[in-house]
Amino acid sequence: MTKGSVSGIIANLVIVTVDGPVAQNEICYIILGEVRLMAEVIKVMGEKAYVQVFESTRNLKVGTGVEFTGNLLEVTLGPGILSKNFDGLQNDLDKMEGVFLNRGEYTNPLENDKKWEFKPLASIGDLVEAGSWLGEVKENWMAHKIMVPFKLGAKYTVKSVAAAGSYTILDMIATLADSQGKTHEVRMAQKWPVKVPIRAYKEKPRPFRMLETGIRCIDSLNPIVEGGTGFTPGPFGTGKTVLQHALSKYAEADLIVLAACGERANEVVEIFKEFPELIDPRTGRTLMERTTIIANTSNMPVAAREASVYTAMTIAEYYRSMGLKVLMLADSTSRWAQALREMSNRMEELPGQDAYPMDLPAIISNFYSRAGYVFLPNGKTGSITFIGTVSPAGGNLKEPVTESTKKVARCFYALSQSRADSKRYPAVDPIESYSKYLEYDEVIEYLRENVSEQWSDQLQYARNLLVRGKEAYEQINILGDDGVPIEYHIRFWKSEVFDFVILQQDAFDEVDAQTPIKRQKYMMDLVLDIVKDEYEFEQFEEVNSYFRGIINILKQMNYAEFQSEEFEKFHGQLTEELKKYHPVAAAV
Amino acid sequence: MQTQAFQKIYTKIDQITKATCMLHATGVGNEELAMIGERLAQVVKIIDDNVTLQVFGGTEGIPTNAEVTFLGKAPTLRVSEALAGRFFNAYGDPIDGGPRVEGREVEIGGPSVNPVRRDKPSNMIFTGIAGIDLNNSLVSGQKIPFFADSDQPYNMVMAMVALRAKADKIILGGMGLTNDDYLFYKNIFDNAGVLDHIISFVNTTDDPPVERLLIPDMALTAAEYFAVEKNETVLVLLTDMTLFADALAIVSNRMDQIPSKDSMPGSLYSDLAKIYEKAVQLPTGGSITIIAVTTLSGGDITHAIPDNTGYITEGQLYLRRDSDIAKVIIDPFRSLSRLKQNVIGKDTRRDHGKVMNAAIMLYAEAANARTKLENGFDLTDFDERALAFATRYANDLLAIDVNIGAEEMLDRTWGLFAEFFEQAEVGIKQDLVDEFWPAG
Numbered sequence: 150m151t152k153g154s155v156s157g158i159i160a161n162l163v164i165v166t167v168d169g170p171v172a173q174n175e176i177c178y179i180i181l182g183e184v185r186l187m188a189e190v191i192k193v194m195g196e197k198a199y200v201q202v203f204e205s206t207r208n209l210k211v212g213t214g215v216e217f218t219g220n221l222l223e224v225t226l227g228p229g230i231l232s233k234n235f236d237g238l239q240n241d242l243d244k245m246e247g248v249f250l251n252r253g254e255y256t257n258p259l260e261n262d263k264k265w266e267f268k269p270l271a272s273i274g275d276l277v278e279a280g281s282w283l284g285e286v287k288e289n290w291m292a293h294k295i296m297v298p299f300k301l302g303a304k305y306t307v308k309s310v311a312a313a314g315s316y317t318i319l320d321m322i323a324t325l326a327d328s329q330g331k332t333h334e335v336r337m338a339q340k341w342p343v344k345v346p347i348r349a350y351k352e353k354p355r356p357f358r359m360l361e362t363g364i365r366c367i368d369s370l371n372p373i374v375e376g377g378t379g380f381t382p383g384p385f386g387t388g389k390t391v392l393q394h395a396l397s398k399y400a401e402a403d404l405i406v407l408a409a410c411g412e413r414a415n416e417v418v419e420i421f422k423e424f425p426e427l428i429d430p431r432t433g434r435t436l437m438e439r440t441t442i443i444a445n446t447s448n449m450p451v452a453a454r455e456a457s458v459y460t461a462m463t464i465a466e467y468y469r470s471m472g473l474k475v476l477m478l479a480d481s482t483s484r485w486a487q488a489l490r491e492m493s494n495r496m497e498e499l500p501g502q503d504a505y506p507m508d509l510p511a512i513i514s515n516f517y518s519r520a521g522y523v524f525l526p527n528g529k530t531g532s533i534t535f536i537g538t539v540s541p542a543g544g545n546l547k548e549p550v551t552e553s554t555k556k557v558a559r560c561f562y563a564l565s566q567s568r569a570d571s572k573r574y575p576a577v578d579p580i581e582s583y584s585k586y587l588e589y590d591e592v593i594e595y596l597r598e599n600v601s602e603q604w605s606d607q608l609q610y611a612r613n614l615l616v617r618g619k620e621a622y623e624q625i626n627i628l629g630d631d632g633v634p635i636e637y638h639i640r641f642w643k644s645e646v647f648d649f650v651i652l653q654q655d656a657f658d659e660v661d662a663q664t665p666i667k668r669q670k671y672m673m674d675l676v677l678d679i680v681k682d683e684y685e686f687e688q689f690e691e692v693n694s695y696f697r698g699i700i701n702i703l704k705q706m707n708y709a710e711f712q713s714e715e716f717e718k719f720h721g722q723l724t725e726e727l728k729k730y731h732p733v734a735a736a737v
Numbered sequence: 045m046q047t048q049a050f051q052k053i054y055t056k057i058d059q060i061t062k063a064t065c066m067l068h069a070t071g072v073g074n075e076e077l078a079m080i081g082e083r084l085a086q087v088v089k090i091i092d093d094n095v096t097l098q099v100f101g102g103t104e105g106i107p108t109n110a111e112v113t114f115l116g117k118a119p120t121l122r123v124s125e126a127l128a129g130r131f132f133n134a135y136g137d138p139i140d141g142g143p144r145v146e147g148r149e150v151e152i153g154g155p156s157v158n159p160v161r162r163d164k165p166s167n168m169i170f171t172g173i174a175g176i177d178l179n180n181s182l183v184s185g186q187k188i189p190f191f192a193d194s195d196q197p198y199n200m201v202m203a204m205v206a207l208r209a210k211a212d213k214i215i216l217g218g219m220g221l222t223n224d225d226y227l228f229y230k231n232i233f234d235n236a237g238v239l240d241h242i243i244s245f246v247n248t249t250d251d252p253p254v255e256r257l258l259i260p261d262m263a264l265t266a267a268e269y270f271a272v273e274k275n276e277t278v279l280v281l282l283t284d285m286t287l288f289a290d291a292l293a294i295v296s297n298r299m300d301q302i303p304s305k306d307s308m309p310g311s312l313y314s315d316l317a318k319i320y321e322k323a324v325q326l327p328t329g330g331s332i333t334i335i336a337v338t339t340l341s342g343g344d345i346t347h348a349i350p351d352n353t354g355y356i357t358e359g360q361l362y363l364r365r366d367s368d369i370a371k372v373i374i375d376p377f378r379s380l381s382r383l384k385q386n387v388i389g390k391d392t393r394r395d396h397g398k399v400m401n402a403a404i405m406l407y408a409e410a411a412n413a414r415t416k417l418e419n420g421f422d423l424t425d426f427d428e429r430a431l432a433f434a435t436r437y438a439n440d441l442l443a444i445d446v447n448i449g450a451e452e453m454l455d456r457t458w459g460l461f462a463e464f465f466e467q468a469e470v471g472i473k474q475d476l477v478d479e480f481w482p483a484g
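Keeping their order, the protein sequence lines are chains A and B.
Its first residue numbered 150, the first sequence is counted upward by one per residue in this note's numbering.
Its first residue numbered 45, the second sequence is counted upward by one per residue in this note's numbering.
Hint data in this document are derived by calculation from the structure and do not stem from the laboratory.
Be aware that one or more of the hints could be misleading.
Stated by the list, open to error - Incomplete in silico selection of chain B near chain A, CB under 7 Å: (1) Glu75; (2) Val272; (3) Lys274.
Stated by the list, open to error - Subject to a maximum C-alpha distance of 30 Å in a straight line, what follows is the list of computed BS3-like cross-link-like pairs (lysine-lysine): (4) A:Lys304 to A:Lys287; (5) A:Lys670 to B:Lys117; (6) A:Lys681 to A:Lys670; (7) B:Lys390 to A:Lys572.
Said to hold, decoys possible - Derived CB-CB ranges, DEER-like: (8) A:Glu216 to B:Gln385: 45 to 53 Å; (9) A:Gln609 to B:Asp445: 47 to 55 Å; (10) B:Lys56 to A:Leu499: 29 to 37 Å; (11) B:Gly172 to A:Glu423: 28 to 36 Å; (12) A:Ile580 to B:Gln385: 43 to 51 Å; (13) B:Asp92 to A:Asn515: 29 to 37 Å; (14) B:Lys210 to A:Leu499: 51 to 59 Å.
The C-beta atom is built at its ideal place from N, Cα and C for all residues, glycine as well.
Isolated chain B (complex conformation) (with noise of 0.2 Å):
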C-alpha cells in the first residue's frame, strides 16, 4: 500500500496500548485504514479530532513520532479469477511468491443479502461419512462448526469433507493456524489435485494475533465473488473461530470496553453472526457453505464463544473419542444439522428420517444401559442388546472413517435393527417396517 503525495502524514501518537494506538486527527472515517510506520491499522473509535486505531500488526516498538498516514478507504480485496489458486495473508497479499491480483477492488465486510432474495437451502451435500450424512446432513449455502477440543482430529475432518464436497471454490480462512496445520492443508489439497480452485487466506501463529480479526472478512468477499457474481458453489473453511474472538476480546479490552460473559465483548454474538450470516443458496444457483472450527476448553460448550456461535451457526458437529471400537466418532446426541430437514427424505430416501431418529433413540438406550453397568447393576436383554447395538452402530456407521453412500448407510441401519430388535422395539411408522425390513 503506497503512501501519496497529497496525503497528511502526523506524526504525533498520544496514546499507545498493546493492540492500539491513539492521535489528533482531523477528515478521518470511520473504519477507515490508516499506516503507522510499516504497519496497516484501521480506526475504530473517533470522538472530535481523537482517533483510535486498531493496529493488526500489534503495537511493539511503534514511537510516538511514528509517521501515521491515512488512506481513505476500509479494507479492500481486489476480486478476479485470479485468485483462484492462490495463498494470501491477512492483507490479502500474495505468501506464495506469485504476483499481485489485479481486479476490481472490493471493500471487505460489505452489506448483508436482502433475506427475501435468499433461496432455502435444500441440496444436500454428501460427504460419505455416515455420521454426517445420515444424522446430521449438511445442505448447501449452510453454516456449521465443528466443536472440538484441541486433540481431535478436526482438521483432517474438515478437509475430507471439503474434498467430497464436490464445490467450485474451497476458500480457506485460517486464524492462528500453526504452521504444520498451514502444511497439511496446502498437501493434501495438492495431493487431491485440487489446488486450483483453492483460496487460502492464512494468520499463522507466526502472525500477530490481531491480523486475525480481517481473515474471515477477506475469505467471505472472494466467497461471495464467487457465489453472487459468478453463481459458483463455495465452501469455506474457517478455522479456527475461537482464536478469531480472543482477538476481538483484545482489542475491545485495549478499547477499555466493559467486558460480557467469559471477558468476551458485549457485541461477540452480532461479531459472530456478521461472519457466519455470510453463507447464503442463492436463487442463481451459487451458494457459500461455511464449515468453520471452534476450539473448546475442555469440552464446555457454556463458554461464551462457543455458546454464541451455536445460537448462530445452523448446528454443530462434535467429534468423539469411542474407547469401545477405538475410534473417532461424530457424535449423534450433540451434533445437530439444523437444515438436515431440508433434504432428509427429499434428497435421500423416504425412510431416512424415521431410520435416524429410531437409532439414535436406541442408542441412548445403550448409555442408559452403560450407565447400568457402570453402577454395577444387572442389565435387562434389553439392555444387552442395545449395548451390542451401540457398539456395531459406531463402529460401521458413526466412525469417520466410514465412507459409504446414503442408502447403503439405510440399509446398514435397518440391517442392524434386524440383527438385535424386535420391530415393535424400533417404533418405526409400520409401513416402512414393512418395507424396509430386512427379510428373514
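Chain A with its partners taken away, still in its complex shape (with noise of 0.2 Å):
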C-alpha cells in the first residue's frame, strides 16, 4: 500500500508527500503516536495528496507517517445497525470508553459474536444478482434480509445456502458461483462506499403513495409521498427541530434514519433518552426500535460532518433494498455545506456565492437524488422519504444552500419568522410552501382512492382560503377596520379558522401531537363546512369575537381524544355556537 509522510497543517487540511498511487477520497490513517487518525483524500496535485482529517490535528507534525487504505470511505451493513447511535464515521458511540470522545478511537459498528436466527430464502440453483435475498435474520421486530453483496454484480448462481439455525455475522451463510464457475462466499455483514449509490433496484418511478406523517400542516395542505423529497428551510428559533423530531417520531415508516448533522448535542441526547420510552402507536413497540441515529454534532470534527449524512442515506438504501419504507432526516444539510466551504477554503479553491464551493448545487442535487421509491428485482417495493433542514444564514432564503436545495426538494416547507413570533406552531408558512406532488396525476388518484374523494380538491380550496385570507387582512390593515367591507372581515376570519384549527399543531400536548389521517379527514370536513357557509353580521366586532368563539371550541375538540365523550361534547357546543349566525349549518 502507498505510503507517504506529512508536510503541511492548516487546520483539518493535511498535505501528504506520497511514495505510490493514491485515489480520489481514499481513505488513510496518519499514524500520531500511539494513535492512528482517519483521513480521506481530497485533492492531489502531484505527488502531494490533500487530506482532510476527521479528528483534532493538535500536536501533529511535518514528517509524521501516513498509511494508505486503498479503500473509500466505506459503512459495514450487516443485521444489527437498528437502534444504534453512530458517528458520522460509523462507530458506534456505546462502544467508546469513557465521557470524552478521544481522538483516533474508532469502534466497531455492529457486534461480531452476536447470534441472529436465520432463515434462508434462496435455493440451492437460483439465479441471483447483488441485492437479492438469500435469506432474513429477526432484527427488533423486523425481518432483515440477508442480501448477495452489492458489491458483486452480474448473475451468480447459488451453490449453497446455510440451514435455519444462530450464527454470526461473520459466518458464511452462503456460497454462490459466478459465469466462469468462481466461487464467492457470503457472509451477513457487507461493505459498502457511502458515496456511491445503491442500486440494486430494477427501476426507479414516479413516487405516488401518500406519507402520512401526522402533522396537519403537511398532511392536510402539503402532503409528502412515500420515496418523495423535501425540505424545511427556517431562521434559527422557528422550529425546525421540533419538526422533525415530530416527523420522526409520527410518521408512518418502517424505519427512521436520523442524521444529525452538525447540529446540538443536547437534541440528540433528547431522542437517547426519550426514544427507549416512547411507544409506536402503530406497533406497540419503542420507538428506539426502529430508529438508528447517526450523530455528528457541532462540536465534533467538521470533516465527519460530510461523512455522516452520506453514512446516513447508505444505511437507508441498505434497508430499502429489503423492501421497507424508510424515513431519512437530516438536520442540517447547512452544516454539511459549511464543512465543505471551510475544506474548500483551506485549500485555496476560487469561491462560489457566500465563499461556498461552486460546485455546491451539483453535490445537493446529487444527494438528494438518492431518495425515491423503487421497484426490486424481485417485485417488492421500497422507498427513502428524504425531508433535509437548511438553516439560512441571516434567515434569508436566497443564500446559495437553500436555492441548490429548491432546485431538488419536491416539497417545500418553509418556516417563517413572524409566524414562529406569535407562536403559531409548527411554524410552517402555508402560503410559501408547496408540494410538486399535488401535481402529479398518480399522487392524485391515490389520494382519491385511499384517503377521500376530495382530498386534493379539499388541499387546494383550503390554500385558496389562506391566500384569501391574508389578502383581506392586508386590506384591513391598510384600510383600517371599519373601512373594509364586513365581508372582508369574515374572509379574514375564515381563514383564520383554518390556520388554528388545522395548520396549528400542539407538539408538546399527548393527544394534538400527532393527527391519524382519519381524523384528519374528519377534521378537514368539519371546518371547511364551516367556512363555506354563509355568515351575516352587523358589525365586523361581532365577526371577530363569533369566530374567536368558534375557534376556542375547535382547539378543544383537538386536544380531546377522537370521538370521545369529551370531543363530542365540544362537538355539540359547537353545533349549538353555529346556530347562532348562520341558520343552514343548523340544520346539518
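Please assemble the complex out of the two chains, which come individually in their own frames, going by the hints.
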C-alpha cells in the first residue's frame, strides 16, 4: 500500500507527500504516536495528497507517517444497525470509553459475536444478483434480509445456503458461483462506500403513495409521498428541530434514519433518552426499535460532518433494498455545506457565492436524488423519503444552500419567523410552502382512492382560502377595520379558523401532537363546512368575537381524544354556536 | 513560562503581519505554543518548514531577529480546587496578586463529550425574573446568550441570574470587558459574599484583542474540571462573544483566508459551536451551563455573529426598553429558551405551558392593536383590552426588576387574564381554566 509523510498542516487539512498511487476520496491513517487519525483524500497535486482529517490535528508534526488503505470511506451493513447510535463514521458511540470522545478511537459498528436466527429464503440453483435476498434474520421487529453483496455485479448461481439456525455476522451463510464458475462466499455483513449510491433496484418510478406524517400542516395542506423529497428552511428559533422530531416520532415509516449533522448535542440526547421510552402506536414497540441515529454534533470534527449524511443515506439505501419504507431526516444540511466551505477555503479554491464551493448545487442535487421509491428485482417495493432542514444564514432564503436545495427537493416547508414570533406552531408558512406532488396525476389518483374522494380538491380549496384570508387581512390593515366591507373580516376570520384548527398543532400536547389521517379528514370536513357557509353580521366586532369562540371550541376538540365523550361534548357546543349566525349549518 | 536549556532558539522571522509571524522551523507541532521574545504565540499553519504563528499580544515592535522558542505543548491550564476565588488573565496567570495555582496541567480546548454519555438537561434554574422563568425557563446544562445592544444592561441582568442560579461555581470569561465592567462584576460578587466560588478569566479592553481567543477555552477547561471531576454544577458567563468573533476575523484575515458573510471566517459556526457545545448535563450530576452575551449592532440579528450563534445556542434572550412602563423587559416574542419544554409543567405547575403561550398570543394581539392605533384606526373593544393587558403584563411580569416565585408568576398571569378577558378569548384547555381561572 502507498505510504506518505505529512508535509503541511492547516487546521484539519493536511498535505501528505506520497510514495505511490493514491485515489481521490481514498482513506488513509496518520500515525501520530499511539493513535491513528483517519483522513480522506480530497485533492491530489503531483505527489502531494490533500487530506481532510476526521479528528483534531493538534500536535501533529511535519514528517509524521501516513498509511493509505486503498479503500474509500465505507460503512458496514448487516443486522444490528437498528437502534444504534453511530457517529458520522459509523463508530458505535456506546462502545466508546469514557466521558470524552478520544481522538483516534474507532469502534466496531456491529457485534461480531452476536448470534442471529437465520432463515434461508433462496435455494440452491437460484439465479441471483447484487441485492437478491438469500435469507433473513429477525432484527428487533422486522425481517432483516441478508442480501447478495452489492459489490457483486452480474448473475450468480446459488451453490449453497446455510440451514436455518443461529449465526454471527461473520459466519458464511451462502456461496455463489459466477459465470466463470468462481465461488464467492457471502456473510451477513458487507461493506459499501458511502459516496456511491446503492443501485440494487430494477426501476425508480415517480413516487405516488402518500406518506402519512400525522402532522396536519403537511398531510392536510402539502402532503409528501413515500420516496419523496422535501426540505424545511427556517431561521433559528422557528422550530425546525421540533418539526423533525415530530416527523421522526409520528411518520408512518418502517424505520427512521436520523442524521444529526453539525447540530446541538442536546437535541440528539433528547432522542437517545426519549425514544427508548416512547411507544409507536402503530407497532406497539418503542420508537428506538425503528430508529438509527448518526450523530455528528456541531462540536465533533468538521470533516466527519460531511461523512455523516452519506453514512446515513447508505444505511437508508441498505434497508430500502429489503423492501422497507424508510424515512431519512437530516438536520441540518447547511452544516454539511459549511463543512465543504471550510475545506474549500483551506484549499484556496476559487469561491462561489458566499464563499461556498462552486459545485455545491451539484453535490446537493446528487444527494437528494438518492432518495426515491423503487421496484426491487423480486417485484417488491421500497422507499426512502428524505427531508432535510436548511439553516439559511440570516434567515435569508436567497442564500446558496436554500436555493440549491429548492431546485431538487419537491416539497418546500418554509418556516416563517413571523409565525414563530406569534407562536403559531408549527411555523410552516402555508402560503409560501408547496408540495409539487400535488401536481402528479398518480398522487391525485392515490389520494382519491386511499384518503378520500375530495382530498386533493379540499387541499386546493384550503390553499385558496388562506390566500384570500391573507389578502383580506392586508386590506384591513391598510384601510382600517371599518374601512372595508364586513365581508373582508369574515374572509379573514375563515382563514384564521383553518389556520388555528388545522395548521397549528401543539407538538407538546399528548393528543394534539399526532393526528391520524382519519381524524384529519374528519376535521377537514368539519372546518371546510364552517368556512364554506354564509354568515351575516351587523358589525365587524361581532365577526371577530364570534369566530374566536368557534376557534376556541374547535381547539378544545383538537385537545380531546378523537370521538371521545369530551370530543363530542365540544362538538355539541360547536353545533349550538354555529346556529347563532347562520341557520344553514344548524340544520346539518 | 520558562525557556529550557535544550530548546532550539530561532532568530530569523521571515514575515510579520499585525497578528501573525512566519519563520522557518522544524519539528514543530500543530497548535503548539511558542514564545517570541516575551510574547506568547501559537502555531496555526505549517507548510513544510514554514511555520505561521498567531501572536496573542499583537506583533507591535517584534523585530525580525526576535528570539523564538517552541514550548512543545498546546495552551494549558493547571486545574485544582485552588482555582476557586481567583482572577486570571487570558493565559491563566493570576492577576489578583495571589500565587500561581498548583495542579494538574490540562490542555485547553480538549475533546468533546460523547453524546451518549450526556444526560438530558432537565433541572430548571430559577432566577425569579418572570420574563425568564415563565416564558424562557433556563435549564442546567443549557447554553444561551443575551442578544443585546451595547446600551442595554446585559451585564447587570447576567450577574443577577448568576447569583440567583445557586451554582456550585461561577466562572466568568470576560473578553474585551471594559475595566469598569470588570470591577462591576468583582464588586457584585464580593458584595454577595460569593467570591470564594467565583473564577474569572479576564481580557479587558486594555489587553490585546487576539488574547481573547484563549478566554472561552480557559474558562471551559476550568468548568470541565469542576463538572466532570468534582460533579459540581458550574455556570459559565461569557461576555462579550461578539468581541471574541471579531478577534477570530482578525486572525483569519491576516492569514489571507477568504472571508464569508460579514467578513467573518468560513469556520465561524464550528469555532463558536466548539465553545458553546461544552455546555453539558452529566448523569453524575455535574453540569456546565453557559450564559453568554452577544452584542448586536443596531439590533441586527442577521449579522453572521448573532446568526451563527442563534443556530448553535439553545435559544436567546432579548432585552428591550418598554416605553409604556419605562422599564427594561425580557422581550417575549424574540426570546426563546429551547430547553424550556424539558422543565415546563415538570419542575413547575402543570398549567405553565398553556398559560405562557396564551399570554404571549394575547401580547401579540396587543402589538397588532398598537399598529392599528399608530396607523390612526379605531380600536375594537378587544383591542383596547389587549392593550391594557399588555401594559400590565409587561410591568407585572416581563420587567427585569420582577423577582417572584414560579407559582406566583402563574397566578399573576391568570389574574390578568380574568381581569381583561373572557375565558373563550384566552383559549386555554378547559380543564385548566376550570381549575385555575380566578373566582369572581
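Hint check results:
Given the 7 Å rule on beta carbons, the hint for B:Glu75 holds: about 4 Å separates it from the nearest Cβ of chain A. Using the Cβ-Cβ criterion of 7 Å, the hint placing B:Val272 at the interface with chain A is satisfied: the shortest such distance is roughly 6 Å. Taken as an interface hint, B:Lys274 does not check out: its beta carbon lies about 13 Å from the nearest beta carbon of chain A, beyond 7 Å. Taken as a hint, the A:Lys304 and A:Lys287 pair is honoured in the structure, with Cα atoms around 27 Å apart against an allowance of 30 Å.
At most 30 Å may separate the alpha-carbon atoms for a hinted pair to count; A:Lys670 and B:Lys117 exceed this at roughly 66 Å. Under the criterion of a C-alpha separation no larger than 30 Å, the hint pairing A:Lys681 with A:Lys670 is consistent with the structure, at around 16 Å. Proximity of B:Lys390 to A:Lys572 is assessed by CA-CA distance (about 21 Å); at most 30 Å being required, the pair is judged to hold. About 48 Å separates the C-beta atoms of A:Glu216 and B:Gln385, a value consistent with the hinted range of 45 to 53 Å.
The hinted range of 47 to 55 Å is satisfied by A:Gln609 and B:Asp445, whose Cβ atoms lie roughly 53 Å apart. Look at B:Lys56 against A:Leu499: about 34 Å separates their beta carbons, and that is inside 29 to 37 Å. Checked against the hint of 28 to 36 Å, the C-beta distance between B:Gly172 and A:Glu423 comes to roughly 30 Å, which is consistent with it. The supplied range of 43 to 51 Å is broken by A:Ile580 and B:Gln385, whose beta-carbon atoms lie about 28 Å from each other.
Checked against the given bound of 29 to 37 Å, the beta carbons of B:Asp92 and A:Asn515, roughly 36 Å apart, stay inside it. For the pair B:Lys210 and A:Leu499, the beta carbons lie near 54 Å from each other, so the given range of 51 to 59 Å is met.
In the structure shown, a violation is registered for the earlier hints numbered 3, 5, 12, in ascending order.
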